[in-house]
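Once you've looked at the hints, dock chain B against the given chain A.
The residues making up each chain are set out below.
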Amino acid sequence: MPFDFSVFRVLVFFFIMCILSTSAGDTLPELSPQKYFSTLQPGKASLAYFCHADFPSTSVVLEQLNEAVRPLQDYGISVAKVNCAKEEEASKYCGKEKDLIKAYLFRGNILLREFPSDTLFDVNAIVAHVLFSENIEHAHLYFFHCKLVSDLTQQCRRTLMGQPLTTLNIHVFVKTMKAPLLTEVAEDPQQVSTVHLQLGLPLVFIVSQKATYEADRRTAEWVAWHLLGKAGVLLLLRDSLEVNIPQHTNVVFKRAEKDMPVEFLVLPDVDSIISHVENNMHMEEIPDDEDSDMEDPDMDIQDDEVAETVYRDRKRQLPLELTMELTEETFNPTVMASDSVVLFYAGWQAVSLAFLQSYIDVADKLKGTSAALFTRINCADWSDVCTKQNVTEFPAVKMYKKGENPVSYTGMLGTEGLLRFIQLNRISCPVIITSIQEAEEYLNGELYEGLMTYSTLSVLGLFSPTMTTAKEDFTEAGNYLKGGVLTGIYSEEDVWILANKYAVTLPALLLARHKDDKIESIPLAGTHTQDIVQIITDASREAFPEITVENLPNYFRLQKPLLILFSDGSINPQYRKAMLTLVEQKRLDSFTPCWLNLKNTPVGRGILQAYFGLLPPLPLLALVNLHSSGQVFAFPSDRSITEQNLALWLKKLEAGLENPITILSAQEWKPPLPAYDFLSMMDAATAQHSTGKAPGCMKETDTQESDKEQHEDKLAVRKEPVETLRIKHWNRNNWFKETEKSLRPHKEL
Amino acid sequence: MGLPAALWGPLGLLSSLALHAALGAHPHRDYCVLGAGPAGLQMAAFLHRAGRDYEVFERAPAPGSFFTRYPRHRKLISINKRYTGKTNAEFNLRHDWNSLLSPDPRLLFRHYSRAYFPDAGDMVRYLRDFADRLGLHVQYNTNIVHVTLEKDRQAWNGHYFILTNQKGQLYRCSVLLVASGLSVPNQVDFPGSEYAEGYETVSVDPEDFVGQNVLILGRGNSAFETAENILGVTNFIHMLSRSRVRLSWATHYVGDLRAINNGLLDTYQLKSLDGLLESDLRDLAIVKDAKGKFHITLKFFLEETNASQSADSIPLPQDNSDNFAMRVAYDRVIRCLGWNFDFSIFNQSLRLSSGGEFSKKYPLIRASYESKGSRGLFILGTASHSLDYRKSAGGFIHGFRYTVRAVHRLLEHRHHGLAWPHTAHPVSQLTDSIIRRVNEASGLYQMFGVLADVVLLKENATVFEYLEEFPMQMLAQLETLTGRTAKHGLFVINMEYGRNFSGPDKDVFFHDRSVGHTEDAWQSNFLHPVIYYYRHLPTEQEVRFRPAHWPLPRPTAIHHIVEDFLTDWTAPVGHILPLRRFLENCLDTDLRSFYAESCFLFALTRQKLPPFCQQGYLQMQGLASTESLRKHGVESGLLPDYATTGQVLEDGSQQPGDREPGGHLPATGHLIQSLDSSKQEL
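From first to last, the protein sequence lines stand for chains A and B. Everything in the first sequence is counted per the working numbering, starting at 1 for the first residue and increasing by one. Everything in the second sequence is counted per the working numbering, starting at 1 for the first residue and increasing by one.
Extracted from the complex, chain A is given alone in its bound form:
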């Protein structure tokens, strides 16, 4: 048989994360810092303790560490002693105080964790600490099927073990790997037994007929490969079969549990075979007895963070009086009489109510300062008004100004963005500048000093008075960017003075970055509205921004890997300089360099935790390839963040010489919990109804009786465990129920 697994040329257990380090013996190697770092292998964990040469080697700590070598090796973690004094230049891991011993855990050359000596009081503590840090769940078990490969340069097919690594699971896994991939049978599926059933795995019979044998066999092999380790696959030869199986059946499913009847299925494609098996495996995990009710996730518990927090906050009194509530009658008179900001919301919608809080915050902040009136309208009450204003999704904010079309707010639903929008909307965009002096004041930020906190960029369009089309395009772009960026336009006769000063030919854009006191110029000839918007949007991005919750989407759009420097507090100016230099040298063009301040963006901790499993020491530089591979690389923590080191590291990255510290999950967002399967409940009720009654006597049934019965049905259904199934099961299961039903003789039509 071509798929005989009884003999293997190669059989490998391959622990991706925790492979044994060959360099580590039973005793503790003593190395210099330099030597130590050069032996570190990507992806492999290593515990090192740094101590000074004159440290007494007979100390209790060292003894205990020595004892930890072997157990840690079992988990693939090497242990080394690093002697600090052997080198002139002490490593930064070497403590200043001579009697101090500190241990560090690395993965590759990335520092994972630091252990003060008092945590390493005995061998158990050491092993426990290290193992907790180096999460053992990262281990993967693969089975390589190299027998099938004739040419050794070809890759062996491999199967990943999906279950947790327990002795029992490994046993089952290996056993099934050795079992034949596909067996042909011609007997009653109910009677068939293979090693799979003994191991608690189900059997899948692919029903084959002579005429289609070849194709069936190919299908069966394909299925077998995909179900390896999950189920046994057999080819059931229908023509030589003595027992009868339902006519259209193409798959027979036999559960491992004894006394379970085999299922005769009609499945549309091979994928559904796989998913049938996988779904049924899941179902086995859900215990049937009712005692385990507590284990089941309760579908009635809110798992939407917005809905839940808004609900919990429902009794807090908001200072709603800061905003005026509008009605159908007051809406038009109000927005026509004064400049107004209107929040359209739905009183029942959680997102609306969450944003209402920010909205009121803004109203509070601008209390007494803003000329605009803060209003809100509950679209659950005044549906027609909202529809007339073209609002079909909530929440929405619009700004109404006399004689102008209302402007929709398209920014983040939060205080900061909304505040900026309202403030920047106080002046028209683009604002018309009337003199050279005013233009200069505009560019250096004096003209709208109060707005400088809201717009880091002031854009000035320079046009000679005759450039009508160009002016129109720019005005349109300014309108579009309204509430986001400050734009101005200057097109007096003496515009050439500015053109000369900034050495541009008209039409042109001047971009003043107030943060760096820089003014850039961009020629605008023949540029249309969309492109102008693009230019200004691009220009509003910084070269090395502090990334925040609010601005990430703006940088995320560039679709480049993010080079993030995580920092606990402000960034070291030297690092900034190093980065900016590289930016200027155009060496970071394929990345989005940025930094993250954990003080401002505490969620950064969650990110680091996701990358490293725990919080590594900061600062830390990581490259996150969000858009293609999901790989995350960390800049070696033993190297300082300098221009040269960075450039070198990036080069190695490019050459594929670095290993990722983690790969971001590419998992889709699935339903967090199942839904009530009302269809099945209804089916169950109908089935009960029709079996509990002799067919044909429906019409004669006394009214009262049928009513009573109806109630009994209801009670009976209540008692059953609530049916909760994922949609994937719905269709099929019900379909079979239906076909089953239609096969029954006493069908009620």
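Calculated directly from the structure, the hints in this document are not laboratory data. Among the clues, some could well be false.
[Said to hold, decoys possible] Result set (PhoX-like, lysine-lysine): computed pairs, CA atoms no more than 20 Å apart in a straight line: (1) Lys608(B) - Lys670(A); (2) Lys599(A) - Lys631(B); (3) Lys151(B) - Lys372(B); (4) Lys398(A) - Lys388(A); (5) Lys518(A) - Lys577(A); (6) Lys401(A) - Lys482(A); (7) Lys652(A) - Lys586(A); (8) Lys608(B) - Lys560(A); (9) Lys102(A) - Lys92(A); (10) Lys458(B) - Lys670(A); (11) Lys515(A) - Lys577(A); (12) Lys315(A) - Lys631(B); (13) Lys388(A) - Lys401(A); (14) Lys258(A) - Lys230(A).
[Stated by the list, open to error] Calculated Cβ distances over 12 Å to all of chain A for the following chain B residues: (15) Gly121; (16) Glu278; (17) Phe301; (18) Gln318; (19) Ser354; (20) Gly417; (21) Glu627; (22) Glu635.
For each residue, glycine too, the CB sits at the ideal point set by N, CA and C.
Quick look at chain B alone, frame taken from chain A:
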């Protein structure tokens, strides 16, 4: 000009050619509407607003002529609820059964009557205003006496409808919209039926009935209305009809006997001489004796005897069975048997026939309200009630104002290329879009089981289109009728009563009738939203051969939003959460909403984002949390407290999260943890 209608049938080829030439001069309209009653005016309002070429033909000199005479006792039984405690105009239409649809808030019926059950005269006034205010094109005093077809390839439907009025004037119409109501009193033929006075002419003055024995034939609202009026002055009233009385509050059907008319039920059940009897009228006979009193006997008694015998010698049932219920003589017999559609004006070429045995009074139409016999001929209003007779409100103003709108939308697409109106939204808005509609939509609420909202999923289910109030029995033809595509699955949102709840024999006040648990939602008895999910548009076959008592074919999955005493389906956990879980499982995605901070975390730690983050946060429209909300989030365990993230790990007391292999986030695991913790709190 002015060919008499009777000549039309047998005309030969030659004369029809000659006629054709003559027709060129006849006025042409794209749309002709027969009847300026509520349905005709409603259609006219839509056509007018869309700027279409249309004309309404009305026999009377003013709109709503039916209401100038009927109901005879002038009290409408359609409710005029002026206060609901709500301001939502759409919602309030759920409890306004008289207004037609128009953008003008002055044209709401509550401005015309303060009565909960208004006077019919107010309806006449309302309809007149409706036609005037909107400037509808109505030709009054124009009685269409004949309608026929004229084949023409150029015509929209392959033929024109030729209308002839009482003066012989002809009109040529591309589309004919018949809103003439049910205008012919229903008469049952039996010996002595001529002795019965009709509801349409019987006196409404109680004085005329003093001390009389009265027999009323019929069991509908007009019969009871008549009885109610004379209850206090008669000796007794007996009511006779084939079927048992059906009470509206038991059947949820507004056409059945309404509580406002059912005073006689009281006096019957309290043995105050009045009574109800069941018998098929066609088996009976009425004989008049010498004193002019009426006796009830059986038809076959008459057949056995000689027709020339005098009334006094005709055998009566009481001769054999001396306790026969109707053994007393009656002073009057009143017929209140309802109305039928007037088929007489339609030429056979239109193939406009009546429905089956049970809906003889109505013309046969498709679920799109188009006649089965001729394309382009639509039946609107009361006459279209065959589709939902005894089920929904299609025979009444508060129902057919929506079905007329549906017909108008179909026409706009068919003849003017305007697709069925819809709004497109990102899938993150799906739950909210449905919640909004089931809470305010009036068309769904009134026309439950007939009109349904449809959500069409676009590719990858990231975007959907929302179509309102589509005739659900036409689901299979949705693409051709609306001009939208339904290639990627769809939801249908319907309102339903519990399947076993309503019915003439049911006790609708039984103990435990209301359902409160979300997991029992499918057993809800009162009107509640039901959402059907289909992976593919059902075929015509599937719709036609759907399971019994199902309004639609068997779906892939179904969801019931549990009934609500206040019909307010906005409870976060009771209504919205189960709906979201249903939608999530149908679409195999996560439809939760997230704060920007959570999206930020996902964006940097996962390759995929949930739709809410994808369609909100990444479009720079993330939802910021506030301090107070954050605090609740941390308390509930749904939001991690990042300020303490580091410390927690540092002390080593907690294992570093539930990370899945390959760098998964703590997000999912974390949620489950938090679920457990909130459970403990409870």
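Tested hints:
Under the criterion of a C-alpha separation no larger than 20 Å, the hint pairing Lys608(B) with Lys670(A) is consistent with the structure, at around 11 Å. Under the criterion of a C-alpha separation no larger than 20 Å, the hint pairing Lys599(A) with Lys631(B) is consistent with the structure, at around 18 Å. Of the pairs offered as hints, the one joining Lys151(B) and Lys372(B) holds, with about 17 Å between alpha carbons and a cut-off of 20 Å not exceeded. The straight-line distance between the Cα atoms of Lys398(A) and Lys388(A) is roughly 13 Å, inside the 20 Å bound, and the hint therefore holds.
A C-alpha spacing of about 17 Å is found between Lys518(A) and Lys577(A), which places the hinted pair at or below 20 Å, so the restraint holds. At roughly 13 Å between alpha-carbon atoms, Lys401(A) and Lys482(A) fall within 20 Å of each other, so this suggested pair holds. For the suggested pair Lys652(A) and Lys586(A), the alpha carbons sit about 17 Å apart, so the restraint of at most 20 Å is met. Restraint check: the Cα-Cα separation between Lys608(B) and Lys560(A) comes to about 16 Å, which is no more than 20 Å; the hinted pair holds.
Our distance criterion of 20 Å between C-alpha atoms is met by Lys102(A) and Lys92(A), whose separation comes to about 12 Å. With a C-alpha separation of about 18 Å, the suggested pairing of Lys458(B) with Lys670(A) holds against the 20 Å cut-off. For the proposed pair Lys515(A) and Lys577(A), the alpha carbon gap of about 16 Å is at most 20 Å, so the pair holds. Restraint check: the Cα-Cα separation between Lys315(A) and Lys631(B) comes to about 14 Å, which is no more than 20 Å; the hinted pair holds.
For the suggested pair Lys388(A) and Lys401(A), the alpha carbons sit about 17 Å apart, so the restraint of at most 20 Å is met. Annotation: proposed proximity of Lys258(A) to Lys230(A) holds, straight-line Cα distance about 18 Å (limit 20 Å). For Gly121(B), the condition that its CB be more than 12 Å from all CB atoms of chain A holds, with the nearest at approximately 30 Å. Here Glu278(B) stays apart from chain A, with its beta-carbon at least about 16 Å from theirs, past the 12 Å limit.
For Phe301(B), the shortest C-beta to C-beta distance to chain A comes to about 31 Å, beyond the 12 Å cut-off, and the non-interface label holds. Under the 12 Å C-beta cut-off, the non-interface status given to Gln318(B) relative to chain A holds; the minimum distance is some 31 Å. No Cβ of chain A approaches the Cβ of Ser354(B) within 12 Å, the least distance being about 27 Å, so the stated non-interface status holds. With a least beta-carbon separation of about 23 Å from chain A, Gly417(B) lies farther than 12 Å from that chain, consistent with its non-interface assignment.
For Glu627(B), the non-interface assignment is contradicted: its Cβ lies about 9 Å from the closest Cβ of chain A, within the 12 Å cut-off. Against chain A, the non-interface label of Glu635(B) is violated: not every CB pair exceeds 12 Å, the least being about 7 Å.
Checked against the numbered hints above, the structure breaks hints 21 and 22 and satisfies the rest.
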